[in-house]
Amino acid sequence: MISAQILFKTAAVFYGLSLVSALVFRKKPITVLIFMLAALAANAASLTLRYLAAWPMLPMYLGPVALPFCLGILSIFNKKNYENNTVFRLILFLILFLSLTAVFFPKDFYMPFIKSKTVLSHLFLLFGVTGKSCFLTGSAWAIAGFIGSKRKQGKNETRKSIIGILTYRIIPVLQSRYFLQCSMRWIVWGFSLLTLSMFSGELWSYIGWGTPVVWDDAAITTTMAIWFFYICLLHLHHTGTWTPQARGCYAASGVFLILGLNSIPDLGPFRWPF
Amino acid sequence: MAVLNMIKQLSYIWRKLGSIHLTVVLCLLLTADLTYGYISINRRTNLFASLNDIGLTAWIETYGRHNLLYTAWFFILLGLLTLLCINTFACTTDRVILLIRSREHFGIQRFLFKFSPHIMHYAMIILLVGYLFSYISAQVIVSQTMVPGTTITLPGKTAQITFESFEPVYYHGDRLAFLNNYVISPRAKLLLTDGDYNKTAVLSYNQPVWFKGYGIFLKNFAPRKKDGMAIRVRIDMNIRKDPGVCVYIAGIILFTAGLFMYLAEWIFFKKYTKESL
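Protein chains in written order, with the working numbering: chain R, 1 to 274; chain C, 1 to 277.
Note that these hints are calculated values from the structure, not bench results.
All C-beta atoms, glycine included, are put in the ideal place defined by N, C-alpha and C.
No incorrect hints appear here.
Incomplete in silico selection of chain C near chain R, CB under 7 Å:
(1) Val24
(2) Leu28
(3) Tyr38
(4) Ile41
(5) Thr45
(6) Leu51
(7) Ile184
(8) Arg240
(9) Leu263
Calculated lysine-lysine pairs in the BS3-like style (CA-CA distance at most 30 Å, straight line):
(10) C/Lys219 / R/Lys115
(11) R/Lys117 / C/Lys189
(12) R/Lys117 / C/Lys199
(13) R/Lys117 / C/Lys219
(14) C/Lys189 / R/Lys115
(15) R/Lys9 / R/Lys27
(16) C/Lys199 / C/Lys219
(17) R/Lys115 / C/Lys225
(18) C/Lys241 / C/Lys189
(19) C/Lys241 / C/Lys199
(20) C/Lys199 / R/Lys115
(21) C/Lys219 / R/Lys107
(22) C/Lys241 / C/Lys212
(23) R/Lys80 / R/Lys27
(24) C/Lys16 / C/Lys114
(25) R/Lys107 / C/Lys225
(26) C/Lys189 / C/Lys199
(27) C/Lys212 / R/Lys115
(28) R/Lys117 / R/Lys9
(29) R/Lys115 / C/Lys226
(30) R/Lys80 / C/Lys114
(31) C/Lys199 / C/Lys226
(32) C/Lys226 / R/Lys117
(33) C/Lys241 / R/Lys117
(34) R/Lys115 / C/Lys241
(35) C/Lys212 / R/Lys117
(36) C/Lys212 / C/Lys189
Using the sequences and the hints given, assemble the complete structure.
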């Protein structure tokens with residue numbers, strides 16, 4: 001019988017093929033979409049099997065398998081993401097990276113626990129994964145803003161502050177504010193969903209353990225770190241404290257935080273997948 | 001003159017405390033501190049697990065003070081959160097005053113939606129104060145073990161809790177093979193009495209029982225398997241009186257309301273114009 005692991009490995013192969021097709025051809029060929037749909041179908045089947053093996057409890061460490069799926073959905077079912085080649089390729093690259101880490105460092109050997117048999121635990125996972133996918137998409141838009149920039153650095157754009165030196169002299173100039181605008185849209189959605197995920201987690205923690213935070217699980221600190229990181233960006237954006245260039249750099253750097261704080265805690269020991 | 005100088009100084013301090021630059025610095029420091037916190041909790045989980053049960057003051061005096069290499073980040077976190085609360089209060093209050101003064105420039109609907117970030121800011125302060133209050137003032141009776149027929153009396157009250165029977169639901173099936181014949185839903189029947197008052201309640205995982213201001217939470221139980229070893233029936237409960245719960249749940253509700261208002265304003269009033277960038 002076909003297992004969730006095999007299905008996910010198949011999905012990773014199709015994600016890879018989709019990325020190769022997108023990189024080889026200047027204009028997106030139909031194969032990109034076909035490979036992506038095949039990958040999403042395999043990923044969805046893998047998620048369904050993992051859920052069936054745990055329902056009504058929460059499957060443990062589902063994030064690494066669910067995050068590529070969510071990102072994939074956002075990349076092809078959102079018109080702007082799909083039509084912008086750079087953004088689409090960046091998202092595909094992220095999906096492949098996440099899929100490969102999940103294939104080579106799986107942590108799916110833990111049994112679900114009966115305290116997770118509540119709707120709040122499922123909301124915690126759902127909001128958390130979609131929120132992080134939105135953050136990664138936001139970062140992809142911000143990075144895309146710096147790729148292939150043709151704008152020259154103007155005199156008035158050079159700042160004497162450290163942030164100015166770092167963001168204007170070292171990093172290419174943000175080609176258009178449109179990219180930052182799109183990036184911030186995704187980040188606002190990501191922040192809202194991550195907040196709802198945290199609140200679901202807190203309510204679950206209260207009804208399950210009697211405390212708002214369960215300190216046995218270190219993942220709470222990484223979620224809070226991500227939350228404060230994006231609170232900072234939203235404040236910078238709404239008050240216009242930093243220049244669009246600096247905010248673009250900040251939004252782009254979020255990808256490292258999400259990958260570092262989300263992927264590393266969910267990684268298991270290295271396992272050869274074949 | 002001295003009074004004027006003092007007002008000027010206070011106004012200067014207030015402005016600095018409400019500065020956006022301070023918000024940025026605090027948020028970045030919190031991100032760094034919490035990342036270090038992840039490493040510390042991962043390495044010494046037991047040091048922090050006790051924080052769930054013994055409350056903040058007792059934890060600081062025992063585990064916290066004597067393992068500073070692993071717990072320092074937590075003290076820094078408390079300091080940073082305190083500063084963030086002060087910063088948020090000063091900044092938001094200033095903006096709310098400005099918003100009320102300029103109310104003629106907006107229609108009533110837009111004016112109300114403009115409050116959404118401020119609602120979230122005040123809600124965050126309420127939430128953090130609620131957590132602090134909860135960790136400082138919660139009265140916890142840790143791991144109260146009971147066998148059927150035993151009774152405990154709540155501290156300082158005449159109210160009693162009697163563990164009447166254990167009626168678990170077992171899982172039978174092939175889909176969750178690892179759980180076959182194991183308990184999937186532990187159900188402990190409790191009799192709650194206080195003088196003439198009598199009530200039967202069912203305690204389970206994620207289904208606490210509230211009685212006379214105390215929350216009763218199921219922590220553990222035995223036996224876990226239907227036809228396993230003959231283990232005596234018992235339940236472990238945490239009994240908590242936590243006045244901070246209402247405060248932080250109010251904070252959660254208020255923050256969520258502010259968040260939905262913020263999203264509604266953003267979607268319907270198209271907040272993101274070119275000018276906003």
